[in-house]
Amino acid sequence: MRPLTPRRILGVSLALVGVLFIECVISLRLGAYPISITDILKTLYYGVVGHWDNVPDEYRSVIFGIRLPRIALGILVGSSLSTAGAGFQALLRNPLADPYVLGVSSGAALGAIVSLIFAPHVVGAIQIAAFVGAAATVAVVYFLGRRGGQLDTATLLLAGIVAASFLSAAIMFLMTTLSGRDLRGMAFWLMGDLQTPPPIQNVPAWFAFLFTIFLVAAGAIYTTASDLNLILTGEQEARHLGVNVNRVKLVVYVAASILTGLAVSVSGAIGYVGLLVPHAMRFLFGTDYRLLIPTSIVGGAIAIVLADTLARTIAAPTELPVGAMTALAGAPVFIYLMRRRVR
Amino acid sequence: MNAETHGAGAGADTFTAYSHPPAVRLKAEQVSYAYSATDRTAPKFTLGPVSLEAHQRELVAILGPNASGKSTLLKLLAGLLKPLSGRIEIDGEDVSAMDLRTRAQRIALVAQESEMLFPLRVWEYVLQGRYPYGRRLRFETAEDCLMAGNALAQVGADALRDRWMDQLSGGEKQRVILARAMAQQPSLLLLDEPTQHLDIGGKVELLRRLRRLADENRYTVIVVTHELNLAAEFSDRIALMHRGKCLSIGSPDEVYQPELLEQVFEAPLEVEMRSTGRPRVLLRGRE
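Chains as they are written, first to last, in my numbering: chain L, 259 to 601; chain H, 2 to 288.
Just so you know, these hints were derived from the structure itself, not from any lab.
Backbone N, C-alpha and C fix where the C-beta goes; we use that ideal spot for every residue, glycine too.
There may be inaccurate statements among the hints.
If you only want the chain L side, here are some residues facing chain H, beta carbon under 7 Å, derived [unchecked claim]:
#: 1; residue: P261
#: 2; residue: R351
#: 3; residue: A466
#: 4; residue: T470
#: 5; residue: S484
#: 6; residue: L488
#: 7; residue: L490
#: 8; residue: T491
#: 9; residue: E495
#: 10; residue: H498
#: 11; residue: L499
#: 12; residue: G500
#: 13; residue: N502
Generate the whole structure from the sequences, applying the supplied hints.
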């Protein structure tokens, strides 16, 4: 018996963080304006310690103004989606569940499209509208998904699927009213996109705000990690073993929905990450949620930063939507993993 | 099954236990329950009121045809359903007033079959039984591993510990599920039709093991089963259920009255008393 220890969790997570760091440096290197790896590391160091005098202005604006915010957004979105995916897979006891299965992304997209129609030039309106759309969907699906006062897995899944298809139909209907330029923006948004600039000037404050929400929601899911391990072997059995199943389901539902809403409202619906990354991490590190959640957090970040780096360099100067990239790269990997699982 | 070989071992201990009756472990007093489709409609099924007592080291079998309320009674005893009326106590403590983890430290319910979403190793599964003893995120201690290891050894599944749960045979899986329940260190062990997916050899082995565990670990074991003869052979006491009522409770020879069994199971049955003092049920052939 080799039970999981905090040391192992820390070791594996730090190793993945190392991989993510190397990937970020490579991603910072790639782009139209050439900067050497040494200069990138120097700029990062002086930026972090606050010695801006040692940094050329163009490096500062390219790295801290353009490339780093995009990577930070990628990390936030990737981590949020894969944590939410891992949470929904346990909550719905379904390996095919992803963050969008309960219609959250469709709700967010509908909010975004409504703001594009009614307030196209208001800064930050699209993010707020998307978050409101996601939250409203979460609330409706929650009330539809209850039976006998408790969240019922099958009913919740059906309610989510019905809500998603209803909202998608509403989106299709509204899209016919958009002009050509807005339509292209909307299509990019439905596929997922990390190009949207932060809606406020103070970029560090914006990211501090987003990452705080992320930490609270992901932390809430993490507190239920050992309960989720038991729920995965059966809800009834988890109850026998002393798990407060209803409380755990509520916490995971709310927290995973917040994470999905957070990701969708800043980047659109980027597919496959929330489905694929938790499975890849299970495949690599086992099914224990105490290890799976931290590895999914870092793994999701690695996946999105990689996909975005590819999306903006493969056909440069044209940028592909990052959502298309995750699906293009993710689908074959997922099929491979799925085939391997069949014994 | 050779009853004499069994009777020499566990049976003798049982009778010793009877001569010095230990304290009552489980006490259910006038417990009732009702299922209805919605809050407003009349109940579809009602149970009880049922009263039942079980002592330390006792093996009690709950028998009855389908839909007689056996599993409902077991769920009530496990604290998973709240009785409409009556009271269930373990060692004098009210089950419905216990918090979830305390309850899981006293009562272990062995499920019929574990439905796993992602594959687990046997040792990981058995360690889950230690959940009620930990705090949030609980990382397993050396003591947890020791308990899980002992439980696996007691059910003779030590060699299986590194196998995957979904690669075990029915009998092996049943033993591992039992080991997880034992890792909870309960005083009351409840089993819902544990013999369902086992062949005859596996059924006898399981009941013999339960008998031994009741004696060695001082468990009170309650088994819901359809196996009339195995129940007669291994249990100290039998509760016979029919349409939500408990018709008879007592030792196997008291409960196994041919007319009563025929009425309950709606089948032509004969009861034969054996030299061991335990009855045997036979299907009456066509005349």
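Now the hints, each set against the structure:
1. P261: Since chain H brings a Cβ to about 4 Å from L:P261, closer than 7 Å, the hint holds.
2. R351: Result: holds, 6 Å to nearest chain H Cβ.
3. A466: Constraint on L:A466 not satisfied, violated at 26 Å.
4. T470: 22 Å, violated
5. S484: 6 Å, holds
6. L488: 6 Å, holds
7. L490: Hint holds; L:L490 Cβ to chain H Cβ min 5 Å, cut 7 Å.
8. T491: With a closest approach of 5 Å, the L:T491 hint holds.
9. E495: At about 5 Å, which falls below the 7 Å cut-off, the nearest Cβ of chain H leaves the hint on L:E495 intact, so it holds.
10. H498: 5 Å, holds
11. L499: 5 Å, holds
12. G500: With Cβ-Cβ at 3 Å, under 7 Å, it holds.
13. N502: 6 Å, holds
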